[in-house]
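Asks: Below are the chains, spelled out letter by letter.
2 protein chains.
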Amino acid sequence: MQNQKNTVFVGKKGVMSYITAVVKIINDGNSEVIIKARGKLISRAVDVAEIVRSRFMPNLIVDKIETSTETLQSEQGGETKVSAIEIKLKKEI
Amino acid sequence: MQNQKNTVFVGKKGVMSYITAVVKIINDGNSEVIIKARGKLISRAVDVAEIVRSRFMPNLIVDKIETSTETLQSEQGGETKVSAIEIKLKKEI
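Read top to bottom, the protein sequences are chains A and B.
With the first letter of the first sequence counted as 1, position 10 gets the number 772 in this note's numbering; the numbers rise by one all the way through.
With the first letter of the second sequence counted as 1, position 72 gets the number 834 in this note's numbering; the numbers rise by one all the way through.
If we strip away everything but chain A, and leave its shape as in the complex, we get (with noise of 0.2 Å):
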């Protein structure tokens, strides 16, 4: 299991906020740093971790992207299948 604390969840808010709580994490001293989400959003993700990556920190780099399908329970008690994405960034050493 990953570091709750060093992983960023990405939402509907705007871009930005992630890539604030992103250099954050970098910025309080770790040296990597998750960015997830699930189905619409995980272009929002890729996003995130291109301007991070081009505009902020361009010492970071791009360690892993893993994608996966994640079950969820809907609200009539159904299920519905989902893509996620894990994108972990990195400080070059």
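No lab work stands behind these hints: they were computed from the structure.
Accuracy of the hints is not assured; some may be wrong.
One copy or any two copies: either way a pair holds, since identical chains are not told apart in the list.
[What the hints assert, rightly or not] In silico SDA-like pairs for lysine to any residue, Cα to Cα no more than 20 Å straight-line:
1. K843 - G776
2. K843 - F818
3. K843 - V777
4. K798 - T829
5. K843 - M819
6. K853 - T769
7. K798 - A783
A quick note: this is a predicted structure, and the numbers were derived from the prediction, not measured.
Could you slot chain B onto chain A? The hints should help.
Replies: Only chain B this time, still in chain A's reference frame:
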């Protein structure tokens, strides 16, 4: 450069169109296929890869996922930056 004939560009059609295209490339005898998308379509590309692997071709593995930033020329002559993804699926040996 990747071989274009092994590449599926995910656009605005339904997910199933791209799933079919990926399956066909492998069934035609290729051992790998690359799924590409930009912007909001990135999440659809992840769906395509996940559904192909979980429902149709469990012998495929995710070989590599890369993200990048592409610069597009807008019709007004300006430039827009957009995130992109490339997912490479490969036959497990």
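Asks: Does each hint hold? Answer for all of them.
Replies: Results of checking the hints against the structure:
Taking CA atoms no more than 20 Å apart as the test, K843 paired with G776 passes between copies only; the shortest distance there is 16 Å, against 25 Å inside one copy. In the homo-oligomer, the alpha carbons of K843 and F818 lie at most 20 Å apart only across protomers (15 Å), although the nearest pairing inside one protomer, at 34 Å, exceeds that limit. When the C-alpha separation of K843 and V777 is checked against a cutoff of 20 Å, the pair qualifies only between copies, where the shortest distance is 14 Å, while the shortest distance within a copy is 25 Å. When the C-alpha separation of K798 and T829 is checked against a cutoff of 20 Å, the pair qualifies both within a copy, at 10 Å, and between copies, at 14 Å.
Taking identical chains as interchangeable, the C-alpha atoms of K843 and M819 lie at most 20 Å apart only when they sit on different chains, with a minimum of 17 Å there against 34 Å within one chain. Proximity of K853 and T769 under a CA criterion of 20 Å is satisfied intra-copy only: 15 Å inside one chain copy versus 32 Å between copies. For the homomeric pair K798 and A783, the shortest alpha-carbon distance inside one copy (12 Å) is at most 20 Å, but the shortest distance between copies (28 Å) is not.
When held up to the earlier numbered hints, the structure conflicts with none and fits them all.
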